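Colleague: Residue numbers (my numbering), protein chains in the order written: chain A, 2 to 133; chain B, 2 to 133; chain C, 2 to 133; chain D, 2 to 133.
Keep in mind the hints are simulated off the structure, nothing from the lab.
Among the hints, erroneous ones may be present.
No distinction is drawn between identical chains; accordingly, a pair holds when it is met within one copy or between any pair of copies.
Distance condition first, Cα-Cα at most 25 Å in a straight line; then the derived DSS-like pairs of lysine-lysine [unchecked claim]:
#1 K125 with K75
#2 K107 with K67
#3 K67 with K118
#4 K118 with K48
#5 K53 with K107
#6 K53 with K67
#7 K75 with K102
#8 K4 with K118
Quantities reported herein were computed from a predicted structural model and do not represent experimental measurements.
4 protein chains.
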Amino acid sequence: MGKTFELEMSVRDYECDIQGVVNNSVYQNYLEHARHEYLKTKGIDFKEYADKGINLTVTRAELDYKYPLTSGDKFSVTATLEKESKIRFAFFQDIFLLPEKRIVLKAKIIGVALNAKGRPYIPKEFEEILDN
Amino acid sequence: MGKTFELEMSVRDYECDIQGVVNNSVYQNYLEHARHEYLKTKGIDFKEYADKGINLTVTRAELDYKYPLTSGDKFSVTATLEKESKIRFAFFQDIFLLPEKRIVLKAKIIGVALNAKGRPYIPKEFEEILDN
Amino acid sequence: MGKTFELEMSVRDYECDIQGVVNNSVYQNYLEHARHEYLKTKGIDFKEYADKGINLTVTRAELDYKYPLTSGDKFSVTATLEKESKIRFAFFQDIFLLPEKRIVLKAKIIGVALNAKGRPYIPKEFEEILDN
Amino acid sequence: MGKTFELEMSVRDYECDIQGVVNNSVYQNYLEHARHEYLKTKGIDFKEYADKGINLTVTRAELDYKYPLTSGDKFSVTATLEKESKIRFAFFQDIFLLPEKRIVLKAKIIGVALNAKGRPYIPKEFEEILDN
Numbered sequence: 002m003g004k005t006f007e008l009e010m011s012v013r014d015y016e017c018d019i020q021g022v023v024n025n026s027v028y029q030n031y032l033e034h035a036r037h038e039y040l041k042t043k044g045i046d047f048k049e050y051a052d053k054g055i056n057l058t059v060t061r062a063e064l065d066y067k068y069p070l071t072s073g074d075k076f077s078v079t080a081t082l083e084k085e086s087k088i089r090f091a092f093f094q095d096i097f098l099l100p101e102k103r104i105v106l107k108a109k110i111i112g113v114a115l116n117a118k119g120r121p122y123i124p125k126e127f128e129e130i131l132d133n
Numbered sequence: 002m003g004k005t006f007e008l009e010m011s012v013r014d015y016e017c018d019i020q021g022v023v024n025n026s027v028y029q030n031y032l033e034h035a036r037h038e039y040l041k042t043k044g045i046d047f048k049e050y051a052d053k054g055i056n057l058t059v060t061r062a063e064l065d066y067k068y069p070l071t072s073g074d075k076f077s078v079t080a081t082l083e084k085e086s087k088i089r090f091a092f093f094q095d096i097f098l099l100p101e102k103r104i105v106l107k108a109k110i111i112g113v114a115l116n117a118k119g120r121p122y123i124p125k126e127f128e129e130i131l132d133n
Numbered sequence: 002m003g004k005t006f007e008l009e010m011s012v013r014d015y016e017c018d019i020q021g022v023v024n025n026s027v028y029q030n031y032l033e034h035a036r037h038e039y040l041k042t043k044g045i046d047f048k049e050y051a052d053k054g055i056n057l058t059v060t061r062a063e064l065d066y067k068y069p070l071t072s073g074d075k076f077s078v079t080a081t082l083e084k085e086s087k088i089r090f091a092f093f094q095d096i097f098l099l100p101e102k103r104i105v106l107k108a109k110i111i112g113v114a115l116n117a118k119g120r121p122y123i124p125k126e127f128e129e130i131l132d133n
Numbered sequence: 002m003g004k005t006f007e008l009e010m011s012v013r014d015y016e017c018d019i020q021g022v023v024n025n026s027v028y029q030n031y032l033e034h035a036r037h038e039y040l041k042t043k044g045i046d047f048k049e050y051a052d053k054g055i056n057l058t059v060t061r062a063e064l065d066y067k068y069p070l071t072s073g074d075k076f077s078v079t080a081t082l083e084k085e086s087k088i089r090f091a092f093f094q095d096i097f098l099l100p101e102k103r104i105v106l107k108a109k110i111i112g113v114a115l116n117a118k119g120r121p122y123i124p125k126e127f128e129e130i131l132d133n
């Protein structure tokens with residue numbers, strides 16, 4: 002599907018834990034990195050937003066762990082963006098083990114943009130993505 | 002409630018990100034640490050289990066982010082354990098900002114124990130907690 | 002010795018890596034956390050400094066790894082502060098496994114304070130500690 | 002120089018801290034990842050070694066922080082390996098901001114290989130690299 006953003010990454014050994022697999026919390030790092038890279042392709046820079054006092058904030062994360070990544074694995078992280086409510090948006094993200102594209106994790110990350118006063122709003126750049 | 006485990010922790014500056022608040026993924030670290038400490042009080046040691054080939058594995062995480070923690074904050078992390086299905090168990094965990102006990106995060110972490118052959122089962126020590 | 006700051010901490014399982022021991026980079030987190038806690042006892046808050054545009058910056062780190070920490074270990078981190086040059090200061094820090102006080106790591110962390118213009122200077126509060 | 006290994010990477014936002022720059026400890030992650038990738042090109046796999054009971058262990062790290070990396074930066078990490086003593090080897094590693102190749106960090110990481118009995122030795126595969 003043309004709309005889906007996809008980023009290839011690989012496991013770094015320090016991301017693995019005692020069990021020899023990528024620690025649960027690290028997948029959130031992967032997902033966040035892919036979201037930020039995706040937004041950049043749409044002209045939205047997380048750090049510039051933060052510098053302007055606009056904070057992109059996660060309000061809910063749902064993560065289904067399907068298969069563990071381990072040392073040496075290559076994988077891809079996808080991202081699509083949908084409107085969740087008047088003021089909330091949702092990223093749907095999958096992680097696939099490469100090259101076989103076995104599903105590793107499915108996530109729904111709900112977020113909101115807060116302006117400098119802490120009020121939620123949908124930035125113009127987001128409207129444009131969501132309209133697509 | 003007598004059954005609820007509670008662990009006090011404090012934010013470390015390196016856990017905060019560009020926005021000046023604790024990064025989303027770090028809360029999973031807090032939750033995991035509290036779960037492991039809770040299990041230890043019940044005679045279950047995560048690393049010993051791993052050494053014996055028993056892997057305690059998260060299959061789903063639901064995280065509701067309510068209020069951000071920041072540099073210098075003290076907080077508590079709770080944990081209760083319930084049976085989710087024949088082979089799955091669920092931790093219900095809250096994070097509270099101290100001393101006012103403002104809710105920071107609510108989480109439901111569903112897990113499974115896999116024996117050395119990768120087969121799910123409920124370890125005896127878990128049965129005993131779940132029976133309580 | 003009265004001047005030495007000491008902070009007790011314990012290993013969190015997610016800080017351990019494939020080898021089952023605390024990952025090398027994590028010790029820098031422990032050391033940073035202890036430095037910041039030490040500075041707080043002297044009225045110096047890392048985040049407040051950052052907010053005012055004063056950045057406390059590490060320019061060199063020397064770390065001697067003596068003995069690995071692992072899951073479940075308790076340890077203490079010390080900190081003393083000395084003048085290294087006209088504009089640089091040095092933290093001498095040790096990590097000890099508890100309760101036997103076996104040496105785990107010895108570190109010398111050299112730093113500098115940069116004002117809002119990026120110029121190095123020794124903040125007044127530092128002068129007072131260094132004079133002690 | 003033909004012998005130098007070089008790996009291109011980019012900063013992930015979660016690696017930046019309150020000051021808006023990459024946290025000091027994260028550079029050790031970058032360096033470790035580059036070392037492991039370098040060793041892989043020589044047929045040495047960190048995890049396989051760990052599984053066989055051979056632990057590659059850092060005994061000393063010297064890190065000179067020259068210029069901070071921040072959100073969005075691309076950089077390269079180099080690695081060369083030299084014999085440090087009969088049983089110790091040393092990685093010399095630089096991090097360069099791209100594309101201008103401004104120096105970000107210079108590191109010397111001294112290590113040792115411990116066999117299953119915890120005895121230091123130089124694995125055959127290392128001898129071959131060191132001989133080059």
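Colleague: Would you mind marking each hint as holding or not holding in the structure?
Modeller: We went through each hint and held it up to the structure:
{"no.": "1", "hint": "K125 with K75", "verdict": "neither (35 Å within a copy, 28 Å between copies)"}
{"no.": "2", "hint": "K107 with K67", "verdict": "both (8 Å within a copy, 22 Å between copies)"}
{"no.": "3", "hint": "K67 with K118", "verdict": "between (39 Å within a copy, 17 Å between copies)"}
{"no.": "4", "hint": "K118 with K48", "verdict": "both (17 Å within a copy, 21 Å between copies)"}
{"no.": "5", "hint": "K53 with K107", "verdict": "neither (32 Å within a copy, 29 Å between copies)"}
{"no.": "6", "hint": "K53 with K67", "verdict": "between (38 Å within a copy, 23 Å between copies)"}
{"no.": "7", "hint": "K75 with K102", "verdict": "within (10 Å within a copy, 27 Å between copies)"}
{"no.": "8", "hint": "K4 with K118", "verdict": "neither (32 Å within a copy, 40 Å between copies)"}
Comparing the model with each earlier hint shows violations of hints 1, 5, 8; every other hint is respected.
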